[in-house]
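So the sequence lines, in the order shown, correspond to chains A and B. Position one of the first sequence corresponds to residue 697 (my numbering), numbered consecutively onward. Position one of the second sequence corresponds to residue -17 (my numbering), numbered consecutively onward.
Please note that a few of the clues may not be correct.
Negatives, chain A to chain B, calculated, CB over 10 Å [said to hold, decoys possible]:
#: 1; residue: S857
#: 2; residue: R929
#: 3; residue: S946
#: 4; residue: F1027
#: 5; residue: T1028
#: 6; residue: W1136
#: 7; residue: A1153
#: 8; residue: Y1178
#: 9; residue: D1179
With a cut-off of at most 30 Å between alpha-carbon atoms, the simulated DSS-like pairs for lysine-lysine come out as follows [stated by the list, open to error]:
#: 10; chain 1: A; residue 1: K907; chain 2: B; residue 2: K379
#: 11; chain 1: B; residue 1: K(-15); chain 2: A; residue 2: K907
#: 12; chain 1: B; residue 1: K195; chain 2: A; residue 2: K726
#: 13; chain 1: B; residue 1: K436; chain 2: A; residue 2: K906
#: 14; chain 1: B; residue 1: K167; chain 2: A; residue 2: K726
#: 15; chain 1: B; residue 1: K195; chain 2: A; residue 2: K906
#: 16; chain 1: B; residue 1: K449; chain 2: A; residue 2: K930
#: 17; chain 1: B; residue 1: K409; chain 2: A; residue 2: K907
#: 18; chain 1: B; residue 1: K438; chain 2: A; residue 2: K930
#: 19; chain 1: B; residue 1: K(-15); chain 2: A; residue 2: K1150
#: 20; chain 1: B; residue 1: K409; chain 2: A; residue 2: K906
#: 21; chain 1: B; residue 1: K449; chain 2: A; residue 2: K907
#: 22; chain 1: A; residue 1: K930; chain 2: B; residue 2: K167
#: 23; chain 1: A; residue 1: K930; chain 2: B; residue 2: K(-14)
#: 24; chain 1: B; residue 1: K436; chain 2: B; residue 2: K409
#: 25; chain 1: A; residue 1: K903; chain 2: B; residue 2: K409
#: 26; chain 1: A; residue 1: K1114; chain 2: A; residue 2: K1076
#: 27; chain 1: B; residue 1: K438; chain 2: A; residue 2: K907
#: 28; chain 1: A; residue 1: K1163; chain 2: B; residue 2: K543
#: 29; chain 1: B; residue 1: K438; chain 2: B; residue 2: K409
#: 30; chain 1: B; residue 1: K308; chain 2: A; residue 2: K903
#: 31; chain 1: A; residue 1: K1276; chain 2: B; residue 2: K490
#: 32; chain 1: B; residue 1: K308; chain 2: A; residue 2: K930
#: 33; chain 1: B; residue 1: K167; chain 2: A; residue 2: K1150
#: 34; chain 1: A; residue 1: K1233; chain 2: B; residue 2: K543
#: 35; chain 1: A; residue 1: K930; chain 2: B; residue 2: K436
#: 36; chain 1: B; residue 1: K436; chain 2: B; residue 2: K449
#: 37; chain 1: B; residue 1: K436; chain 2: A; residue 2: K907
#: 38; chain 1: B; residue 1: K385; chain 2: A; residue 2: K716
FYI, nobody ran anything at the bench for these hints, they're computed from the structure. Think of the CB as a built atom: it goes at the ideal place given N, C-alpha and C, for glycine as much as any other residue.
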Amino acid sequence: MTGLTATSKKLQNKHRDYRKVFRGLLQYVKPEWPSFLTAVTLLILSNILALAGPRLSGEAVDAMGIVAGGVEFNAVLVKSLLMLAAYVGSAVLNYVMIRLVARTSKRVIYRMRQDTFDHIIDLPLSYIDTHQAGDLVSRISYDLDVVSTAISQDIVVIAASMITVVGSLIMMFRMSVALSLAFMALVPITILFTIYRIKKTRPLFRKRSKKLGEMNGYVEEILFGQKTIGAYRKESYFTEEFRSINDEASEAHYRADYQAALNGPSVTLISNLSLALVAMIGVSLFLKGNFTIGVLTSFILYSRRFSGPINEIAAIIAELQSALSAAERVFTLLEQPTEPPDAEHAQPLENVCGVVEFDRVSFSYTFDQPVIRDFSVKTKPGELLAIVGSTGAGKTTLINLLMRFYDPQEGEIRIDGKRLLDVTRDSLRRSFAMVLQDTWLFQGTIRDNIAYGKPEATLDEISRAAKAAHIAPYIESLPNGYDSMISDSASNLSQGQKQLMTIARAMLLDTPMLILDEATSNVDSQTEIVIQDAMNKLVQGRTSFVIAHRLSTVRNADQIVLLRDGHIVERGTHDELLEKGGAYADLYQAQFS
Amino acid sequence: MLKKYIKPYTKRIVVNACVKMTGTLMEVVLPAILAHIINVVVPTRNQSGIILWGLAMVVFSFGAWVLNFSANRMASGTASRAVRSIRQDLFARAMRLSARQMDELTVSSLESRLTSDTYALHRFLGATLRMGIRSLMLFVGGVFFCFWLSWRLALILLVLVVPLFFAVRFVYRRAIPLFHTVQRKIDDMVQIIRENIRGIRVIKALDRTDYEKERFSVANEDVRAAEVRAIDQIAMMSPLVNIILYTGLAAVLILGARLVNVGLLQTGTVMAFLSYFILITNSLLGLNRMFNIYNRAVASIERIREVLTMLPDENQLIAEGVSTVKEADSAVPEIEFRNVSFSYLGVKDDLQNVSFSLYPGETLGIMGPTGSGKSTIIRLLLRQYDVQEGEILIRGKDIRTIKPEALSHLFGIVFQNDFLFGGTVRKNIDFGRGLSDESIREATEYAQASTFLKEKEDGLDFILASKGVNLSGGEKQRLLLSRALAGEPEILILDDASSALDFRTDAKLRSALRDHYTATTSIIIAQRVSSVRHADQIIFMENGRISAMGDHETMMKESCKYREIAEMQMGEWREVEAIA
């Protein structure tokens, strides 16, 4: 009983999901209804014209008769040219229709892509942090592509195929009911057979994509380690391991192909059988004088157009299913709540002095695991607060809370006495400059990258910032200077250079507060000295929050807090903490033993 | 290249082709039978003759079905097996490429050769065996029957085939570059999405979301415009082909009528002609599709061939190598570099005149800025590249005269950003060497990995995700260290292997190495002075040269760079010691 309810509930959910998807799609398609309506009209007209073709060619054959000398030339000429006109007209209408549908559907997809992207950007960080980037990218690059194909091609093909099938049937019945009925016997067989084939082959194709995916994964992974494998001389071991993966993938490929090998010939078989059937019955009827040779010709031509569309509809139904689930994934993403809007009474944060106060703040990403516990600290304007502790102690979380990427569950954070919830997010974030461990540069000029937070900056300002960050000599040594392109993933820059660029970016911003999160941990010692110097300039006159792995970087802090499991275990200045000989002193010593 | 892999299947392919040909012919003959019924049987009014010939059509239809799908199955089998062995050889070759060849080809390019290129090849082989033969037979058979039925009408075909073929080529020629443009535009768009997701904190912090949305909309619009342009082109295909085809049909009807009238042709033949017309058009479309698949496959085949035919690199050839190395001897340097110079690209010297010698059980520390040649020293020692001047000796033997198999078991190595793969912890540490559980456990102990492994439920059977992404940076490094230590290496090489460890763990690791690997000769590349300060020798690299060399005390005195880093990193260390 409970099992049953569970299943029906699941089914209900499924239905509701599809309804949601259809509603969503409709909302995008609706504004384009005149175009779609025109397209459908063109499609119907085009197919009706095409359906007239076989009829007309049959009439032309009729005009020939079956005895020499009995040809009515004028009739043949007129019917043939009419047939040609019908086909040309159909082709032209079809061409216009395809272009119209392309424009309309791509407009729809354009809007869907834009909305999806905009939504991703507006999502709270909690969503982005917990989802793989590749997954989000594939919403736009893959899922929407599938949806796009569905609206621009699949639906058109289905509509055209249906019109062809139904139209052909009508024409056939009008010519000869008996022959049509004989022919119709093949239709259910065709449909049933097609459904059976799909059921049979689909899991095989699914397995094939899975196996190929596994092989791709293996190849990517192992090639990445090729040098290590070479160093241990384990090439044969991994080659053998690949053999079984390769064999499995090839086998899965073969299994699917083996079954699919039946599909093409089967379509042809049904078409050929119908030809044979029509020949036998049709010719007999013809002999009895029930109809003319021309009708027989038309009939044959109609019947040959039959099995193709049925098969096509079947193939596309499978595609439509995947399009629906693709659309569902997109709409599910679009349903995710964005960052909540600012409170109505929220005021912009202006003229910041830089008194930052964490008041008994507690926070957890998931409800069961607190990351920050009862955390309180207060800075004076222009002070440097260092946060140290091992990985996972919650250091970066504090920054997330300060920037309101996340909001605490308990306690509150205040800047100059104003609660963060009472100021606008934009103004809050604009009050900080940030340099993070994960240097973020984008494809574009160096100038654009440095001026990212202040697009209106002059070249003079930019070069001053670069100078202060000790990166100007390098930039100026490039042939294009500040207009040099930073390539994809900035692979033409060293880690240190990337870091200095982001420091220059922060330098350019005239913010009252600063965040440095593990800004030197990926850099070699020589470069670190340079960066350290740049950062010392950066912290001057700003209330600064510094997170560091290397304790040498935090020695000059006005306050150091040592975090463990989300709460403060020690606080004080460097000297005080060393003197105390507690956890901080321990950590400091471990560094050099 | 392809020949070699196809050859074993020659017989199969010949049989396959024969079966396919027979099957296709059975199909091609059907409209001719129908013509025969109408032209010959109908005038005799022989009812049973009609049924008989009709049944012949049914038999032929089924015959064609069986033969065609059997041929298709054979074709799939052949293609699958041929591609499997090509892929296997390609992988084996890729595994044995020299470092230099690897750099030239790049990992991502090799990856696409092993995957998408072999798929393209597979598609091509399968399609040739299935569609290619069929389309050709349909075309040849169709044309043959047309001529046989009425050479006069068939002449229309000849007139049509040429414009039809060129119309199709014309459209493809113009459409294909447009589809390439679409792909490029999509790549650009995806790049923006990736950048945005990666930089979302910075973008939000700098309040630049509206700008990014605007930037995306430009790329989005580019994709849309490119797609519409490409579709406009390809949409011309079907009307062009249809118009040419139906002009031909009209011509057949009109000319046919004339021939029928003078008794040169029978009406049944005109009907058959209409069927053959459609058959021939379909075969032309099929051949064209083949042509495109072939075009795409040619590039893939070339890319696969390039790797398969790559000769072993110079540094992989051992002229008269010794196959064993001597036992360690405390009087002979375990590792010696003599005036070694090297350049990756032959432009600038990446290593210049580097000399040092390291005795059994000693430790060498290497420091220096990025790009100073630290890792190059290791790559040369492992013969990933060969020295251009000078020589490298292991236990007194030039490494170029030692068979690589003899060397490999001496080493335990952790490279910078070394790799872990999907699978159990045990498998990652064992690395195909067949080590005992005990030695694996011991290694994890010394590498400080056992502490975090104990927290995982499955211990050594804990399954890593691909590239070890389900571990933190420090955990990954500790597993890599376990791998290096597990084989009881005589020479241990650590390139930046502990940078992600916190200081306490790093210190524990160092003391474990000191206590348990006393006989092991080690080379340690590090950024932290603390990692190398106890080494017997430290060298400081700058621009490919050794700028200073000696133990910690000497270095502190003689190298100002080393001293500067040491002071920054451990400035008040003495002070701490004094307090503690």
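Need the list of violated hint numbers for this structure, in ascending order. 2, 3, 6, 10, 13, 15, 19, 22, 30, 37 and 38
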